[in-house]
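**Student:** These protein sequence lines map, in sequence, to chains A and B. In terms of our numbering, the first sequence opens at residue 1 and continues consecutively. In terms of our numbering, the second sequence opens at residue 1 and continues consecutively.
Careful, some of the hints might be misleading.
Claimed, not checked - Coverage of chain B stretches by chain A, computed from C-beta distances (three or more under 8 Å per stretch; other residues unrestricted): (1) 83-89; (2) 110-124; (3) 161-170.
As the list claims (entries may be wrong) - 20 Å max Cα-Cα, derived EDC-like pairs, lysine to aspartate or glutamate: (4) A:K183 to B:E166; (5) A:K125 to A:E40; (6) A:K200 to B:D122; (7) A:K163 to B:D235; (8) A:K185 to B:D163.
Read the hints as simulated data drawn from the structure, not as lab findings. The beta carbon of each residue, even a glycine, is placed where N, CA and C say it ideally should be.
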Amino acid sequence: MIISEHKPFEEIRELLKDAEKIVLIGCGECATACKSGGEEELIAMTKKLEDINKQVLGFIVPETSCNYLLVRRDLRKIRDTLNEADAVLSFACGDGAQTVAKLTKIPVYPGNNTLFLGEVERIGKYSEACRTCGDCVLGSTGGICPVTRCSKSLLNGPCGGAKDGKCEVNPENDCAWILIYNKLKELGQLDKLTQIQEPKDFSKIAYPRNLNLRDKNGGGK
Amino acid sequence: MGFLQKALENGEFAVTAELAPPKGTDFSHALQCAELFSDRVHAINVTDFQSSSLKATSLAMCKALIDIGLEPVLQITGRDRNRIAIQGEMLSAGFFGVKNLLALTGDHPTVGDNPGAKPVYDLDSVGILQAATKLASGVDMGGNKLAGSPSFFLGASVTPEYDPMELQIVKMVKKIKAGAKFFQTQAVYDINTMEKFREMTKHLNTKILVGIIPLKSAGMAKFMNKNIPGINVPDNLIDRLKNSSDPVKEGIKIAGELIVELKNKKLCDGVHIMAIGAEENIPFILDEAGL
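Chain B on its own, in the form it takes in the complex:
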């Protein structure tokens, strides 16, 4: 059992941080970032061609992390691989000792940096979870027997700021049925959102890691409000960033305060920090949050 699963099952407040593989063959910066916060998080969540942009694969980065003694979460989307490739990735991950897997739909190729790529979506996120569950049982999706089967602590995503919310919950229940044991959410900034979400999902037997994206400026907050689905930065936070002489620091402070409040009010089982390019700030966020 991995650190992440153990923490969540023991009722500890779990912390994961997101890390993107490099665009190129130089893994040194990504690995340096990982080492910066490695002893402060339960697992490092490695993106799978995030935003449909070409990078080294999630599995390669996961292997590199395992080699330096860190615990990764392998992200797999349905965008780029059919069920043969997805299951193959899972078998390979099992061989490398990956313990956690996060199933995602994946952004559409048209929003990425190779927009002419053919979208696959052979399996949706529910299908990816089903595939992992199937492999764990010793056979593949075609019913063929495996020589050794991988077993993952399975996760999926959910967007707590969504209209109609019922539609997210319905899919969340399907993901749980398909094997998901934990969820990480889209970035949340408003405590009310999580209060409502906790109420709506309290009947579900699952663990929730709230997504935290530290804000770097009022402009970034406004941009995300306008362009990123499921994100709603309240005006008072935008004002704080606007009036601050050091908005990056203020953003870290805001993230820390939110984590403290989420933890104190028991609105989640942990947090998932997505620093998107500013991974070196993750330790400061954890300092602010007292984690």
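This is chain A alone, in the form it adopts within the complex:
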């Protein structure tokens, strides 16, 4: 799940300073699940924008805001409204906002900040779990990601910075390596800790990355 949250309203107001007529576009997937771009949030945002004398011409919540073909289909349905609008305010993640921007001729502004790829612990509570490093190490770390959950992405064990099992960077976070140790102990796999993990090959994850499964060779990157 891609976790996002609303930008501060003052920032949204500044983004919209030259726009009167606005269309809001949410997202039916992640942004709905983390309450930053579902129907409920767009209704509330409409009210807030009207309070600062903006005219909200309408809103849609595409099934998913990052799927080019689906968004193109949904935007066609509101073509007339878009023709009348000065700007679109996107309440998807940065990915969704870019897909919408690619398909519209008026400015598309982000209403959300995209935070991380994470787990929905329960509605309203989310935690970062994967940094999409392109070279998964979970097999040797008891299913707990040190790249993401260690603030220094250490691959070979902890620094000395844990205090009572908590991280020096944010004492609300558990030290990932202590979690990994406990899990591997439980699994009877402590031997996995002893192998040196070589430094990551960042040339493999030079961005922007693309994946094309439809090329002539039948797939791959």
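Starting from the known structure of chain A, arrange chain B on it as the hints suggest.
**Tutor:** Leaving out everything else, chain B in the frame of chain A:
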């Protein structure tokens, strides 16, 4: 071979002292401090943006020490440099004649004085040791040949007061595999901690320098207990500082006594004194310890 390596390999009780480069371009105070204890220590260990705070670089300070005839230990953390910069720093250090290198993870930028800095951590401490070992073999991490290669006496750090301790030992073994020949520990105050640690690491073929931070007051001790990971000042020492009319002197005495006990009980191969801003007291600690 440097003084530090020679001392450790000959089984002498090694002494290093930590020194921070200045925050600015005025190196005079740091160099004066270094000269105060230069003939009493085997090497001077120069921090690399300690506590993630901006200073002149460790390498510049090391070069300044070499220029006045002193032996430095270059600290390198993974926080601020990627593998290109780290290896470049090592080649430069080799050119300047730096003989000792200490590889550290590095505190996170958010705890320092430029908290918005991007953390790098391209290499962890094991990776930094691997990089140094690789360069010593005549090629860089990319497999490219070098015109002259640096060779360092490699060190790393370990925290003897840690739960679960096994996790520290596992990483320590990796550091040894990656080339570490000596370790300096987080500051220790309790002899029991080192007794346990010595027992746990006696099978490892390495040298241990115990970290010594002289206490300046009961308040400092309590602050460190609360805030610094891996530090545990026992209550009896806090009481001694509290009841003393000159807590700084008492702290020096405590440090000296601990060093004597560590040495007599053969719980380490030397000590690493971190005076954090009170470097002028280092000679007094060594006096107390009879070193």
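**Student:** None of the hints should be skipped; say for each whether it holds.
**Tutor:** For each hint, the structure was consulted:
1. Look at the stretch 83-89 of chain B against chain A: 1 of its residues bring a Cβ nearer than 8 Å to a Cβ of that chain, fewer than three, so the hint is violated.
2. A count of 7 residues in the stretch 110-124 of chain B with a Cβ less than 8 Å from any Cβ of chain A is obtained; the coverage claim is therefore met, three being the minimum.
3. By the rule of at least three residues with a Cβ nearer than 8 Å to a Cβ of chain A, the coverage given for the stretch 161-170 of chain B holds, with 7 such residues.
4. Distance check on the hinted pair: K183 (chain A) and E166 (chain B) sit about 14 Å apart at the alpha-carbon level, within 20 Å; holds.
5. Taking the CA atoms of K125 (chain A) and E40 (chain A), the gap is near 18 Å; set against the 20 Å cutoff, the hint holds.
6. Taken as a hint, the K200 (chain A) and D122 (chain B) pair is honoured in the structure, with Cα atoms around 8 Å apart against an allowance of 20 Å.
7. With a C-alpha separation of about 19 Å, the suggested pairing of K163 (chain A) with D235 (chain B) holds against the 20 Å cut-off.
8. At most 20 Å may separate the alpha-carbon atoms for a hinted pair to count; K185 (chain A) and D163 (chain B) meet this at roughly 14 Å.
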